[in-house]
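Taken in sequence, the protein lines are chains Y and E.
In terms of the numbering used here, the first sequence has 207 at position 224, counting the first letter as 1, and numbering is strictly consecutive.
In terms of the numbering used here, the second sequence has 164 at position 12, counting the first letter as 1, and numbering is strictly consecutive.
Bear in mind the hints are in silico, worked out from the structure with no lab data behind them.
Some hints could be false.
Said to hold, decoys possible - Footprint (simulated), chain E over chain Y, 3 or more residues, beta carbon under 8 Å:
id, stretch
1, 52 to 63
2, 70 to 76
Stated by the list, open to error - Using 30 Å as the maximum straight-line C-alpha spacing, the simulated DSBU-like pairs for lysine-lysine come out as follows:
id, chain 1, residue 1, chain 2, residue 2
3, E, Lys267, Y, Lys74
4, E, Lys282, Y, Lys100
5, E, Lys226, Y, Lys100
6, E, Lys282, Y, Lys54
7, E, Lys272, Y, Lys73
8, E, Lys226, Y, Lys73
9, Y, Lys48, Y, Lys139
10, E, Lys167, Y, Lys74
11, Y, Lys104, E, Lys282
12, Y, Lys73, E, Lys229
13, E, Lys267, Y, Lys73
14, Y, Lys28, Y, Lys253
15, Y, Lys54, E, Lys229
16, Y, Lys100, Y, Lys74
17, E, Lys167, Y, Lys73
18, E, Lys229, Y, Lys74
19, E, Lys226, Y, Lys48
20, E, Lys229, Y, Lys48
21, Y, Lys30, Y, Lys253
22, E, Lys226, Y, Lys54
23, Y, Lys165, E, Lys282
24, Y, Lys35, Y, Lys139
25, Y, Lys36, E, Lys282
26, E, Lys226, Y, Lys96
27, Y, Lys74, E, Lys175
28, E, Lys282, Y, Lys(-8)
29, Y, Lys28, Y, Lys104
30, E, Lys167, Y, Lys54
31, E, Lys226, E, Lys167
32, Y, Lys74, E, Lys226
33, Y, Lys253, Y, Lys231
34, Y, Lys73, E, Lys270
To be verified - Here are a few chain E residues that sit away from chain Y, every Cβ distance over 10 Å (derived from the structure):
id, residue
35, Lys180
36, Phe193
37, Ile198
38, Thr258
39, Glu264
40, Ser273
Heads up, the beta-carbon is just placed ideally off N, CA and C, and yes, glycines get one too.
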Amino acid sequence: MIISIASGKGGTGKTTVAVNLALSLQNVQILDCDVEEPNAHIFLKPKIIGEKKAVIPVPEIDEAKCDYCGKCREVCAYHAIAVVPANDGKKGSVLIFPHLCHGCGACSLLCPKGAIKEIDKEIGIIETGEKENMMFVHGRLNVGEAMSPPVIRQVKKHINLSKTVIIDAPPGTSCPVITAVKGSDFCVLVTEPTPFGLNDLILAVEVLRKIEIPFGVVINRADIGDGNVEDYCEKENIPILMKIPFSKEIAVSYSEGIPVVERDISYQDKFINLYLNICGIKNEADSCRKR
Amino acid sequence: MGKEEVAIKEGDNMKLCITSEGKTLDAKVDPRFGRCQNFIFFDTDIGNFEACENANAQFQGGAGIQSGQLVVSKGVKAVLTGNVGPNAHQVLSAAGVSVFTGVSGTVKEAVENYKNGKYKSADAPNVGSKFGMPNK
Ligand code: SF4
Ligand code: SF4
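Bound-form chain E, shown alone (with noise of 0.2 Å):
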């Protein structure tokens, strides 16, 4: 758990998750959702974050699909990332987060850009499946 630099409006209680290159939340956003390196989980109610590793990065085929089971199961609201392919969108959206695509620059910032209403919600996924996969 680190401790974050974020102003938060009281009350304002939500779990982020934003995809990330790296642990902390100088790192940049990895426009990549299912196969991202880290994701980063941002409690705006008592503003710490967690970081975890995507282990499902790893993985031939439903990547997307375990990704978004983690951030369901982490009882997250709404996902910042970059793209987000079909399967991964079905399993976020069926739990009801909610997704914001486009995203760039640090992971800090995104935050600070989320508050702020500067992103609007994407209810489609904005890649195809396989997106993100390394190339052979």
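Bound conformation, chain Y alone (with noise of 0.2 Å):
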């Protein structure tokens, strides 16, 4: 089962809910897919064992073949291509923009003279690693760059299915966040309850039942806040998972890096609690569909 665990803005305690969840679970393996700031690993401070590049292929023009033809800026959806024709005797050139490249090949695929060919850009690291018996993944997007969907893709090519998978994904509502939660059996998302929470909350609702994965809520710093997150998911009848009321000992193990779980045992029976939440919830969403 894939579990991945996502939230509308960032600083709501996604990661400390996806760590502590790993880290009271048996047979695990744990994805960091927020790219751009992983810190799972600061957390958990597996033994790094495998490093590999993350690469994207992005098009290089063989100018001797290019006639200027203007069709691989055409055809690129990203806007990464400008073509400046020949003009006054002066040759043209093809100018590539390899930060707002995509890698989906289109370009060269479709180039009538063969022009383009692809070489692999690196954007950023994948390092696996391990923790006791439990598996460790993440990426890493090399500063400056602004493509973390491959990067999340590339991590998520580790995915084994005979472990219980937990995917730390970036917060937010864009693109790289549904890349990692694509094919996911179960997203948890976790909120606060304020206004700024309901409402990204809100956002990342919407993004989920586009995409069809069964969720729930985990609200963190439960006790603090208003009621509106929690009338919310009453009124759309989104289960709530688990409250995390606001405690020092969190926020102080938080801020030394160590998960909460490994400091004050009896929070594990509640991140098992938590996933028990999320089979009987996932069981019952899958009988509904095989009637």
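From these two lone chains plus the hints, build me the complex, please.
Below you can see the structure in the form of structure tokens.
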């Protein structure tokens, strides 16, 4: 089973939930897909055993073959190419803007002159590791790079379905989040009981409904804030899987980079409970689908 | 095509592009290049202009590149605008288009000042990429 942990905004405690859930279960693989700011490793301190470059294929033009027809520019959905035609005896040029390129391959496929070849451009790194018997994978996007989805996909290639897979998704509701969450059996949305929390939760819920992944909510710092998140969940029929009260213990252990379940074993039951809630809802959803 | 009202020296054949908030010569110069609202293509030879809405302004990324592309495809020789980012500048300079930044006032004034040699060509982008992106 693949469980992703997401959040409409950063700083809600998404990684805290992912890490502590992973540590409370047996036979787990955790994938940190928050590749712009991976931080699960800070808490888990895994032993890194493998390292691989994350690359995307970006086009390179053979100007000897190119006649500056402009086809490549037209087909690039990401506006990453400009073609300056030859003019006044001056030869033309094709300009590629690699930081906008998604490596989709359309330009090289459709160039009528076969003038485009693809070269691998390094945009990040994937590291694999382990902690006791937990498997760990994370990706890190290079500074200055903007294309996190390809790195996220490369992290997800390591998914091992014989384990309970926990994905720490990037915050937000845009393309990288969808890339991370897609294919999950269940998604946990971590939120806070504040107006901002609610606002971002609503956006995240819209996304998950669109991509049809069953989900539930964890309310972090549940006792400081208002009741609007709970009211919203009730109205929308969204299960609340867990409420984590504000606690100094969690805050302190977070700041020290220590997962709270390692500091206070009683938290383990709470996260196991979260897992059981997830399984319950997922089974229900599955049986509905089969009918 | 509108008829222009600015006197042009004869034999001064060239095409200008002015970024503009509106579609007339009285409109204000749009300070953004890649995400300007309209382009005004001004032909100093026949004294006509053409206003063209900037569809690239909606792009998430690559607005400057594709705006540069549009200007290049129109055979423009000089761009008058407020600010140009690095990507657009690269496209424009690859095609040998002169770029004049820091231009303000109305489109008509900009053309007038240009003809009087009041502007200095910018040989480097004067703003970072993503300038002119709407704030979230
Ligand atoms: S499609 Fe091929 S031939 Fe045409 S401009 Fe692009 S690289 Fe050149
Ligand atoms: S590979 Fe795709 S995204 Fe990259 S330049 Fe070519 S068409 Fe554009």
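Comparing the hints with the structure gives:
1. 52 to 63: holds (count 4)
2. 70 to 76: This one holds; 3 residues, not fewer than the three required, reach chain E with a Cβ under 8 Å.
3. E:Lys267 with Y:Lys74: holds, 29 Å
4. E:Lys282 with Y:Lys100: Answer holds: Lys282 (chain E) to Lys100 (chain Y) is near 29 Å, not above 30 Å.
5. E:Lys226 with Y:Lys100: Measuring from Cα to Cα gives roughly 29 Å; hence the hint holds.
6. E:Lys282 with Y:Lys54: holds, 26 Å
7. E:Lys272 with Y:Lys73: holds, 24 Å
8. E:Lys226 with Y:Lys73: Within the cut-off at roughly 16 Å; holds.
9. Y:Lys48 with Y:Lys139: With Cα atoms ~38 Å apart, Lys48 (chain Y) and Lys139 (chain Y) exceed 30 Å; violated.
10. E:Lys167 with Y:Lys74: At roughly 20 Å apart (the allowed maximum being 30 Å), Lys74 (chain Y) and Lys167 (chain E) satisfy the hint.
11. Y:Lys104 with E:Lys282: holds, 23 Å
12. Y:Lys73 with E:Lys229: Distance of about 14 Å is within 30 Å: holds.
13. E:Lys267 with Y:Lys73: holds, 26 Å
14. Y:Lys28 with Y:Lys253: holds, 22 Å
15. Y:Lys54 with E:Lys229: Status holds; Cα separation ~24 Å.
16. Y:Lys100 with Y:Lys74: holds, 20 Å
17. E:Lys167 with Y:Lys73: Holds, at roughly 18 Å.
18. E:Lys229 with Y:Lys74: holds, 16 Å
19. E:Lys226 with Y:Lys48: Holds. Lys226 (chain E) to Lys48 (chain Y) sits at ~25 Å (cutoff 30 Å).
20. E:Lys229 with Y:Lys48: Distance of about 27 Å is within 30 Å: holds.
21. Y:Lys30 with Y:Lys253: At roughly 27 Å apart (the allowed maximum being 30 Å), Lys253 (chain Y) and Lys30 (chain Y) satisfy the hint.
22. E:Lys226 with Y:Lys54: holds, 17 Å
23. Y:Lys165 with E:Lys282: Measuring from Cα to Cα gives roughly 29 Å; hence the hint holds.
24. Y:Lys35 with Y:Lys139: Measuring from Cα to Cα gives roughly 13 Å; hence the hint holds.
25. Y:Lys36 with E:Lys282: holds, 28 Å
26. E:Lys226 with Y:Lys96: holds, 24 Å
27. Y:Lys74 with E:Lys175: Violated, at roughly 34 Å.
28. E:Lys282 with Y:Lys(-8): holds, 22 Å
29. Y:Lys28 with Y:Lys104: holds, 29 Å
30. E:Lys167 with Y:Lys54: holds, 25 Å
31. E:Lys226 with E:Lys167: Holds. Lys226 (chain E) to Lys167 (chain E) sits at ~8 Å (cutoff 30 Å).
32. Y:Lys74 with E:Lys226: holds, 17 Å
33. Y:Lys253 with Y:Lys231: holds, 17 Å
34. Y:Lys73 with E:Lys270: Since the Cα atoms of Lys73 (chain Y) and Lys270 (chain E) sit roughly 29 Å apart, the hinted pair holds (cutoff 30 Å).
35. Lys180: Given that every Cβ of chain Y is farther than 10 Å from that of Lys180 (chain E), nearest at about 26 Å, it holds.
36. Phe193: holds, 17 Å
37. Ile198: holds, 20 Å
38. Thr258: Correct as stated: the minimum Cβ-Cβ distance to chain Y is 29 Å, above 10 Å.
39. Glu264: holds, 28 Å
40. Ser273: holds, 18 Å
Hint violations for this structure: numbers 9, 27, all remaining hints satisfied.
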